[in-house]
Amino acid sequence: MTSLEWLMDGVIMLALIVLAIRVLLIPDLFRAVFLFIVFGLLMALAWVRLDAPDIALAEAAIGAGLTGVLLLDAVRHMHRPVSPTTQPPSEKEAAP
Amino acid sequence: MTMFLAYAVTGMIVFAIGLYGVVIARHLLRKIIALNIMAGGVFLFLISIAARNSQAFPDPVPQAMLLTGVVVALSATAFAIALARRIYTVTGSATLSDGER
Amino acid sequence: MDTIFPWIILLPLTGAIATFLVPRAWVIRTGMVTALLTSCMVFAAAYFLHQNGPVHYAVGSWAAPLGIRLYLDGLACVMLLLTAVSGIFISVYACEYFKDKTSGVLKREGIMFWPLWLFLWGAMNALYVSGDLFNMYVLLELLGLSAVGLVALAGTRTVLIAGMRYLIAAMLGSMSYLLGVAFLYAMHSALDTRMMGALIEPGMGAAIAFALMTIGLLLKTALFPLHFWLPPAHAGSSAPVSAILSALVVKGSFYLLLRLWFDVFHNVVTIPVGQFLGALGALAVLWGSIQAIRQQRLKMLVAYSTVAQLGYLFAVFPVTAGAPPTDGVLGQWVIESGKGTLYHALAHAFSKASIFLAAGIMVHALGTDQLSRMRGMAERLPLTTFAMALAGVSLMGLPPSGGFIGKWLMMHAVLGSGQWWWAVVIMTGSLLTAGYMFMMLRQAFQPCEDPSLFKPVPKTMEWAALILAFISIGIGIRAADVLDLLMIGSPFLIEPIAAVGGAL
Amino acid sequence: MSRFHWSMHVVCATAATFLAAVLIYTVMTLPSEPAGLARLVEDFMNVSGVEHPVTAVLLNFRGYDTWLELGVLLVAVLGMLLFQRQNDLRQIVRMPAAEPVLDWLIRLIAPMMALVSGYLLWMGKYSSGGAFQAGVVLGAACVLLWLSGHPSLESLSGRVFRFLLTVGFSVFMIAGALFMLSKQPFLTYPVATAGHWILLIETAATFSIAVTVAALIMGLQPTYSETEDQP
Numbered sequence: 036m037t038s039l040e041w042l043m044d045g046v047i048m049l050a051l052i053v054l055a056i057r058v059l060l061i062p063d064l065f066r067a068v069f070l071f072i073v074f075g076l077l078m079a080l081a082w083v084r085l086d087a088p089d090i091a092l093a094e095a096a097i098g099a100g101l102t103g104v105l106l107l108d109a110v111r112h113m114h115r116p117v118s119p120t121t122q123p124p125s126e127k128e129a130a131p
Numbered sequence: 563m564t565m566f567l568a569y570a571v572t573g574m575i576v577f578a579i580g581l582y583g584v585v586i587a588r589h590l591l592r593k594i595i596a597l598n599i600m601a602g603g604v605f606l607f608l609i610s611i612a613a614r615n616s617q618a619f620p621d622p623v624p625q626a627m628l629l630t631g632v633v634v635a636l637s638a639t640a641f642a643i644a645l646a647r648r649i650y651t652v653t654g655s656a657t658l659s660d661g662e663r
Numbered sequence: 116m117d118t119i120f121p122w123i124i125l126l127p128l129t130g131a132i133a134t135f136l137v138p139r140a141w142v143i144r145t146g147m148v149t150a151l152l153t154s155c156m157v158f159a160a161a162y163f164l165h166q167n168g169p170v171h172y173a174v175g176s177w178a179a180p181l182g183i184r185l186y187l188d189g190l191a192c193v194m195l196l197l198t199a200v201s202g203i204f205i206s207v208y209a210c211e212y213f214k215d216k217t218s219g220v221l222k223r224e225g226i227m228f229w230p231l232w233l234f235l236w237g238a239m240n241a242l243y244v245s246g247d248l249f250n251m252y253v254l255l256e257l258l259g260l261s262a263v264g265l266v267a268l269a270g271t272r273t274v275l276i277a278g279m280r281y282l283i284a285a286m287l288g289s290m291s292y293l294l295g296v297a298f299l300y301a302m303h304s305a306l307d308t309r310m311m312g313a314l315i316e317p318g319m320g321a322a323i324a325f326a327l328m329t330i331g332l333l334l335k336t337a338l339f340p341l342h343f344w345l346p347p348a349h350a351g352s353s354a355p356v357s358a359i360l361s362a363l364v365v366k367g368s369f370y371l372l373l374r375l376w377f378d379v380f381h382n383v384v385t386i387p388v389g390q391f392l393g394a395l396g397a398l399a400v401l402w403g404s405i406q407a408i409r410q411q412r413l414k415m416l417v418a419y420s421t422v423a424q425l426g427y428l429f430a431v432f433p434v435t436a437g438a439p440p441t442d443g444v445l446g447q448w449v450i451e452s453g454k455g456t457l458y459h460a461l462a463h464a465f466s467k468a469s470i471f472l473a474a475g476i477m478v479h480a481l482g483t484d485q486l487s488r489m490r491g492m493a494e495r496l497p498l499t500t501f502a503m504a505l506a507g508v509s510l511m512g513l514p515p516s517g518g519f520i521g522k523w524l525m526m527h528a529v530l531g532s533g534q535w536w537w538a539v540v541i542m543t544g545s546l547l548t549a550g551y552m553f554m555m556l557r558q559a560f561q562p563c564e565d566p567s568l569f570k571p572v573p574k575t576m577e578w579a580a581l582i583l584a585f586i587s588i589g590i591g592i593r594a595a596d597v598l599d600l601l602m603i604g605s606p607f608l609i610e611p612i613a614a615v616g617g618a619l
Numbered sequence: 010m011s012r013f014h015w016s017m018h019v020v021c022a023t024a025a026t027f028l029a030a031v032l033i034y035t036v037m038t039l040p041s042e043p044a045g046l047a048r049l050v051e052d053f054m055n056v057s058g059v060e061h062p063v064t065a066v067l068l069n070f071r072g073y074d075t076w077l078e079l080g081v082l083l084v085a086v087l088g089m090l091l092f093q094r095q096n097d098l099r100q101i102v103r104m105p106a107a108e109p110v111l112d113w114l115i116r117l118i119a120p121m122m123a124l125v126s127g128y129l130l131w132m133g134k135y136s137s138g139g140a141f142q143a144g145v146v147l148g149a150a151c152v153l154l155w156l157s158g159h160p161s162l163e164s165l166s167g168r169v170f171r172f173l174l175t176v177g178f179s180v181f182m183i184a185g186a187l188f189m190l191s192k193q194p195f196l197t198y199p200v201a202t203a204g205h206w207i208l209l210i211e212t213a214a215t216f217s218i219a220v221t222v223a224a225l226i227m228g229l230q231p232t233y234s235e236t237e238d239q240p
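Residue numbers (our numbering), protein chains in the order written: chain F, 36 to 131; chain G, 563 to 663; chain D, 116 to 619; chain H, 10 to 240.
Mixed in with the good hints, there may be bad ones.
What the hints assert, rightly or not - Stretch-level coverage of chain F by chain G, calculated; a stretch enters the list once three of its residues show a Cβ under 8 Å from a Cβ in chain G: (1) 59-69; (2) 91-105.
Unchecked claim - List time: in silico EDC-like cross-link candidates among lysine to aspartate or glutamate, alpha-carbon distance up to 20 Å: (3) D:570 with D:494; (4) D:574 with D:215; (5) H:134 with H:60; (6) H:134 with F:86; (7) D:222 with H:97; (8) D:570 with D:484.
These are calculated hints, taken from the structure and not from any lab test.
Every residue, glycine too, gets a C-beta built ideally from N, C-alpha and C.
Extracted from the complex, chain F is given alone in its bound form:
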């Protein structure tokens, strides 16, 4: 294991842990979902490092992509007041 590889793995691992903590503690929900998508992509990168490319492809597509889209869509809709009038999503701070 060359030191360069160790450096890269170290960065990925550290980023995964820090991102996991940040996602849970960040107050704004939108940013939390974006960070979660980045977390999913980093997870896919880690799997490529552990030589499982096809599973990494599936994880990136399903984990980061699809779950991220569903969460983003849910956050956007959950900001609206219950009766979906046409006014844009109110900027009131989402329940933390």
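Assemble the complex: chain F is given as a structure, and chains G, D and H must be docked to it using the hints.
Then chains G, D and H, alone, in the frame of chain F:
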């Protein structure tokens, strides 16, 4: 300290963080995100098991388990998000308001 | 036998697809035909099992370490019969329950009920015969999702919140179980239960895997400290769904715990672990019964009664953990307590399903399940009250009911193996069960002031509840041959089981 | 963050770190050079009908798991339809027609994505790829078409939509049950034509995964009868 061990340890830490997140979060979407992080931790551990032995190709059985696990976790998350949105539409609040558990 | 075996799983799942695809008018017919066919298949499997013993079935004809092995023995067969018999009567009940009172047309929930219920039934049947650890994880998830779908069927506020809480608990349980399976695979590179049982040796890894998998399954069985999600989910959902959840779904994860304890972790478990699980069971019995007595609504009372009755099932673990494999005498008590636990599960399933169906009839007739409003039910709804009384007899454990046989075997085993304190718990639990059962029946036998309150109720619903109650009494009378069926393939042996080897 | 008392945070944090420490210690004790099933899979590869080990394990050796997993996906869509009180996607509001540049781009990309999806499906036999990756790419194409105002899943009739949802699960089951007629255990493919059967099952699975993925996203969008939908 082989690569497998490093990633397995990261997986365990991420699992614990996810579990902490599920208990602490009050907003339903945060609980769902925390559940996914927990699942990510378990899957990282599974993948590092597959990469342990250094033959020609990694052990395909944990990878197959993983792909099945990812799709099962996806469908559970999609189900939870649909239910959370239904709760938001019906009750107007995105938390399990009456009594938090 | 090999031709019948997979049809137990294929039929309900085919029926689930069919009820999802057919137009509205055909949903009930397709659902009922599937339910009947599945039950016939299960009875046929039981008959074949009785003829030529337990069956190992390799899916895709791949041997165990690589492929998935299914295994049918007495224990699995009894659970299959439990699901089939209560499933039939719950399905008959559901046909009437979801019909709109005025127009008689199937309500929206009625359409969605059938695919989810048949998926759940197929997942239960597959779970009982599964012999592969990861396969059990996928089936647990399938079971959990369809159960949560059924809970949230009515779409009201309480039901949705209860469903969400149940879903989060189920997902936490599945993740913890999956991590346990991952640890086991990391250590022994096998996923088959029998093979793992032979390979496993006590150590830190095995202990952690055991703890994770047990906590996951306890969360899904809703044992005492982890039962928070059960009462609102079981009480809030519609009557046939509560019957399905209380009688069938919680028993699935308990069955897995039993399988893991006897097949996989038999030489990893220690006496304190058994005592700990027994203590949790005892706390569940006492706390659940006390909570049940304090309830004002019938369905909440019955839901807390489920939490309590589940506690009894855990009496088998302290007896088993105490018995070293080589000791023949103690081994005999283990088999006795295993029989007791299974019989209690069987009797509880039928009587609890019957009471929840009766509670559904009460809500159907009176519009509410407040205990105080139950006045005069005995006069106006004689069949329903009779069903409740019979089911109460079985829950309390009065002879000759199935519940009595279960409690008798458990007491016999517990006293025989020298752990007398569990007997005290079983006795007080029965007393408390009698308490809330008579509390419920006393209300029903009050004189009725205003007969006009009671709306007419379809007869099939009342007969479905009554027949289930008769069955829970009947299995007490026909205990001998049910126990013979249970002991085929000797499921409760505790000496290390030889690796799968020759059977394939 | 959450309105819990700070002591709850501290308690949960210490519990989580203790759990992590225990798990890490256990991971340290795991054997680093285990047997693993890689060699066993290698021995049976020639019989499995595909070259790529993961696809072989997924669809042949442990095909039962993958079949049940398609069932789990189906129950997820069933749940979504139940909560949205719909039977299909016909009620979903179609997006307004996109401006010409996006419209032209989508006309170019959508067939490309279908091509990539077919490629991934075909490559599943030889290298990384397979039903799930192909299905997700095809599903993304459907969502893109819907977003840009083109007719997509919401133009399907209820029956066709529901049939497409269940086609993957049913084809897998029928193919598996077919061989039981010749006294073989469930899901046993004849060795000679195993590859073709797996390809057939994967194609059906790709379609139903694509429709499921698109339905999970589009199903939650506002519908025409949103106002009537209020409880």
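Hint by hint, here is what the structure shows:
1. 59-69: holds (count 4)
2. 91-105: With 7 residues in contact (Cβ-Cβ under 8 Å with chain G), the coverage given for the stretch 91-105 of chain F holds.
3. D:570 with D:494: holds, 13 Å
4. D:574 with D:215: holds, 15 Å
5. H:134 with H:60: holds, 6 Å
6. H:134 with F:86: holds, 18 Å
7. D:222 with H:97: holds, 17 Å
8. D:570 with D:484: Within the cut-off at roughly 14 Å; holds.
In summary, the structure agrees with every hint in the numbered list given earlier.
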